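Protein chains in written order, with this note's numbering: chain A, 1 to 188; chain B, 1 to 539.
Among the hints, erroneous ones may be present.
DSS-like mimics (lysine-lysine), calculated; alpha carbons at most 27 Å apart, straight line [as the list claims (entries may be wrong)]:
#	chain 1	residue 1	chain 2	residue 2
1	A	LYS53	B	LYS357
2	A	LYS85	B	LYS35
3	B	LYS24	A	LYS83
4	B	LYS225	A	LYS85
5	A	LYS53	A	LYS169
6	A	LYS83	A	LYS169
7	B	LYS357	A	LYS87
8	B	LYS35	B	LYS24
It is worth saying that the hints were derived from the structure and are not from the lab. From a predicted model like this one, the values you see are computed outputs, not experimental measurements.
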Amino acid sequence: MKKTSVYCALIGLCFVVYTTDALAYKERKDYFSRPQIGAWFGPITPLGPLGEKVETNLGYGAFVRFTFPWRFLKFGIDSSYQKYKSKGVNELQFVPVFGNILFQIPVDFPVRFQFKGGAGAAYLNLKPDKVDQWDPIFMAGFEASFPAGRIVNIGLRIDYIYIYEGYIKGSKNGGHILNTGIQLYFNL
Amino acid sequence: MKFLKHAIALSVILFASFVVNCGKTPLLTDIGTSKLIIVLKGTYESNSPMYWDMPEACASRDGDGKCTAYTPQHETLVQDDSVIHCTAPLDINPNGFMLDIAEVKLADAKSNLYKLSDYRQKFAFGLNDVDPFFNGIGTIINSDDVPSNIYPVVGIYVRKMLTDNAKKYVVDTDGWNSSLTWDIFAESELPAFNFNRFQYNSMYDRLRYEATYINRVFPLLVRIKDQVTQGTGMYFNMKNQVTVLEIRMVVKNFLKKYEYLSSSDESFSLVHYYAFSDWLNDVQDNERYIGGNILTVARSYIVGMTGSIPGRNGRSHDAHIIAIPHGEDVRDYTLEVPGDSVDWSVDPPVLPPSRRKRNPCNMPRGVGTYTGTSIIQALEYYLRGQKYKYDWNQKIWNPVTSGDPPATTYRCPASGGASYPDGDCCESFTQYGDEWTSYDKDIGHARVPQLAVFARTADGYPMEPDRNRFSIQNVTPGSYDLYIAQRAPVYGVLYYSYADPAHPTFGASDFIEYSGNPVTVTIGGCHDSFGNTSINFSP
Numbered sequence: 001m002k003k004t005s006v007y008c009a010l011i012g013l014c015f016v017v018y019t020t021d022a023l024a025y026k027e028r029k030d031y032f033s034r035p036q037i038g039a040w041f042g043p044i045t046p047l048g049p050l051g052e053k054v055e056t057n058l059g060y061g062a063f064v065r066f067t068f069p070w071r072f073l074k075f076g077i078d079s080s081y082q083k084y085k086s087k088g089v090n091e092l093q094f095v096p097v098f099g100n101i102l103f104q105i106p107v108d109f110p111v112r113f114q115f116k117g118g119a120g121a122a123y124l125n126l127k128p129d130k131v132d133q134w135d136p137i138f139m140a141g142f143e144a145s146f147p148a149g150r151i152v153n154i155g156l157r158i159d160y161i162y163i164y165e166g167y168i169k170g171s172k173n174g175g176h177i178l179n180t181g182i183q184l185y186f187n188l
Numbered sequence: 001m002k003f004l005k006h007a008i009a010l011s012v013i014l015f016a017s018f019v020v021n022c023g024k025t026p027l028l029t030d031i032g033t034s035k036l037i038i039v040l041k042g043t044y045e046s047n048s049p050m051y052w053d054m055p056e057a058c059a060s061r062d063g064d065g066k067c068t069a070y071t072p073q074h075e076t077l078v079q080d081d082s083v084i085h086c087t088a089p090l091d092i093n094p095n096g097f098m099l100d101i102a103e104v105k106l107a108d109a110k111s112n113l114y115k116l117s118d119y120r121q122k123f124a125f126g127l128n129d130v131d132p133f134f135n136g137i138g139t140i141i142n143s144d145d146v147p148s149n150i151y152p153v154v155g156i157y158v159r160k161m162l163t164d165n166a167k168k169y170v171v172d173t174d175g176w177n178s179s180l181t182w183d184i185f186a187e188s189e190l191p192a193f194n195f196n197r198f199q200y201n202s203m204y205d206r207l208r209y210e211a212t213y214i215n216r217v218f219p220l221l222v223r224i225k226d227q228v229t230q231g232t233g234m235y236f237n238m239k240n241q242v243t244v245l246e247i248r249m250v251v252k253n254f255l256k257k258y259e260y261l262s263s264s265d266e267s268f269s270l271v272h273y274y275a276f277s278d279w280l281n282d283v284q285d286n287e288r289y290i291g292g293n294i295l296t297v298a299r300s301y302i303v304g305m306t307g308s309i310p311g312r313n314g315r316s317h318d319a320h321i322i323a324i325p326h327g328e329d330v331r332d333y334t335l336e337v338p339g340d341s342v343d344w345s346v347d348p349p350v351l352p353p354s355r356r357k358r359n360p361c362n363m364p365r366g367v368g369t370y371t372g373t374s375i376i377q378a379l380e381y382y383l384r385g386q387k388y389k390y391d392w393n394q395k396i397w398n399p400v401t402s403g404d405p406p407a408t409t410y411r412c413p414a415s416g417g418a419s420y421p422d423g424d425c426c427e428s429f430t431q432y433g434d435e436w437t438s439y440d441k442d443i444g445h446a447r448v449p450q451l452a453v454f455a456r457t458a459d460g461y462p463m464e465p466d467r468n469r470f471s472i473q474n475v476t477p478g479s480y481d482l483y484i485a486q487r488a489p490v491y492g493v494l495y496y497s498y499a500d501p502a503h504p505t506f507g508a509s510d511f512i513e514y515s516g517n518p519v520t521v522t523i524g525g526c527h528d529s530f531g532n533t534s535i536n537f538s539p
């Protein structure tokens with residue numbers, strides 16, 4: 001009798017544990033589809049001709065995301081503050097504001113992989129020239145996210161941003177920037 | 001979903017609005033290019049400088065090739081009169097000038113500083129007519145841009161200035177023994193001497209607090225008195241193609257030899273080195289500091305927006321020709337001396353006494369405090385202290401009591417015992433203050449002209465009729481007065497004006513005015529008041 005009770009308790013415990021896990025897994029997917037808000041922090045690296053003029057620094061940014069009716073597709077709005085210093089007196093402040101579409105690889109796996117692409121504009125301020133203006137930008141990127149519970153997600157991101165100045169007379173090159181960082185964001 | 005739609009629409013509109021070109025600047029292209037170029041020159045002239053004319057040091061040699069005597073020109077024009085301890089003819093002329101700059105800044109009218117170049121840059125120039133620093137072309141200092149503004153002053157943060165062929169002397173049983181001194185430039189040890197550490201301007205007015213620390217090289221401030229802004233400063237506009245900021249520091253034909261006593265070890269030693277001529281602020285015996293003698297000038301022009309002033313030197317001697325803003329007093333570009341007539345035809349000429357020597361309150365320097373343990377240095381210190389007391393008493397009024405009944409009169413030893421109040425003595429603190437204020441005023445107004453060239457004479461060269469042509473280049477449009485020096489340039493000396501009303505040359509200067517002044521410069525050309533497009537100075 002006692003033995004039977006122990007077996008029943010163990011089976012019951014297993015049932016509870018596994019069922020809970022199964023339910024939680026399903027619910028985590030749902031939480032990830034909710035509107036999200038987050039921030040990132042990490043190295044910002046100018047590439048190409050721009051990389052010869054200014055140097056790598058640390059940058060930070062914030063974003064919001066909304067899921068389309070198809071839950072593997074999201075729309076996000078990102079902004080960040082990036083300040084590039086140089087060995088000389090040149091300094092470039094770069095504040096991109098862009099919209100992007102994120103595509104999540106539709107595979108049930110605890111780690112979420114998302115590709116993204118978008119466009120927008122960026123505020124550029126060049127010192128010591130004291131020249132500032134808005135330029136169009138294009139971006140593409142990749143993210144790996146680790147949902148940590150119902151609300152919190154931790155992720156790694158790599159964004160490539162192209163600053164387009166080809167439409168301005170006298171322009172010889174645009175700007176290439178690579179942002180990498182660790183991000184923390186929340187399911188609302 | 002409504003918010004989502006709005007956000008997408010906003011992104012598209014935002015992007016589209018920036019694709020339209022609205023008179024923007026290619027900022028990412030401009031980030032590496034500079035529209036303000038700094039050109040550094042080591043010449044009195046803005047272009048076409050005079051050739052190097054440093055007198056030879058050695059006049060004669062013995063059988064071993066060792067120099068036995070200096071040339072009179074070296075002794076008078078190159079060797080400063082403060083070189084008194086070692087006159088052994090072992091020095092040789094320098095071959096190089098080295099400059100180490102930490103950064104360059106521009107200051108606006110509100111004294112805000114703008115970094116124009118914070119690259120540490122090291123330059124080594126050969127003292128010859130080929131080096132761009134000395135041939136009129138100039139050396140470019142790596143720089144970036146600054147905001148569009150008016151900048152009255154540029155500051156160069158000079159870390160080091162060195163010349164080579166400095167020698168250290170010690171006495172042994174055979175007399176003076178010399179060896180080259182070594183110093184560090186560009187992280188390497190070189191046979192050179194960093195005279196920048198002595199460029200303190202503390203030689204005058206020792207009673208003033210600043211006298212202990214005034215240093216005019218970090219930064220070396222250079223006024224930019226451009227005519228476009230009526231002397232206010234340099235007008236820099238990012239929309240202009242390229243603006244050139246030309247900074248000149250008179251090095252060429254302006255180096256002198258100084259003596260520096262070293263008592264850092266047990267043996268008595270001294271160093272002979274080359275630095276800027278003390279034509280302005282006289283360096284005196286036993287003085288270590290040589291500051292206040294960097295003659296600088298700066299000007300700016302926009303490339304493609306300049307004219308030139310061509311002409312001929314019709315006089316019978318090589319001469320400097322200067323162009324100054326119309327209406328300015330040419331005596332501002334000279335050093336005032338009493339009307340002593342200098343015979344410039346004598347080689348070397350006997351120069352008038354320096355402004356400092358003519359200052360009756362130019363008191364001797366104290367010896368400070370000795371805290372060492374060397375008996376040799378202590379004895380040297382006490383001897384110098386006695387000398388200081390003696391020299392001081394020569395410069396003040398001494399009471400002398402004589403006669404029957406005894407009467408006290410005041411006599412000045414420096415003027416050979418003349419009675420009060422005549423003579424060369426300093427009477428009071430009030431006079432001390434007045435004399436040094438007057439000294440500062442006289443020294444401070446001497447400037448280097450923004451535009452100057454060197455023109456040869458054609459006299460005696462019938463086969464070279466164009467030898468006397470000159471052309472002042474890159475002149476900003478405006479109205480100028482031209483002058484020609486009435487004597488050939490003299491090594492280590494610039495130009496004088498004569499200030500003493502008691503002398504017949506009162507009011508005159510070494511410059512003669514061009515008869516067709518003012519000369520109007522336009523883009524690409526110029527003309528004088530008679531309409532001539534070539535400025536010909538008559539004999």
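Now the hints, each set against the structure:
1. A/LYS53 <-> B/LYS357: violated (54 Å)
2. A/LYS85 <-> B/LYS35: Holds, because 20 Å separates the two Cα atoms, which is no more than 27 Å.
3. B/LYS24 <-> A/LYS83: holds (21 Å)
4. B/LYS225 <-> A/LYS85: violated (33 Å)
5. A/LYS53 <-> A/LYS169: With Cα atoms ~21 Å apart, A/LYS53 and A/LYS169 stay inside 27 Å; holds.
6. A/LYS83 <-> A/LYS169: Holds, because 25 Å separates the two Cα atoms, which is no more than 27 Å.
7. B/LYS357 <-> A/LYS87: Given pair B/LYS357, A/LYS87 is violated - Cα atoms ~48 Å apart, limit 27 Å.
8. B/LYS35 <-> B/LYS24: This hinted pair holds, its Cα atoms lying about 16 Å apart.
Checked against the numbered hints given earlier, this structure breaks hints 1, 4 and 7; the rest are met.
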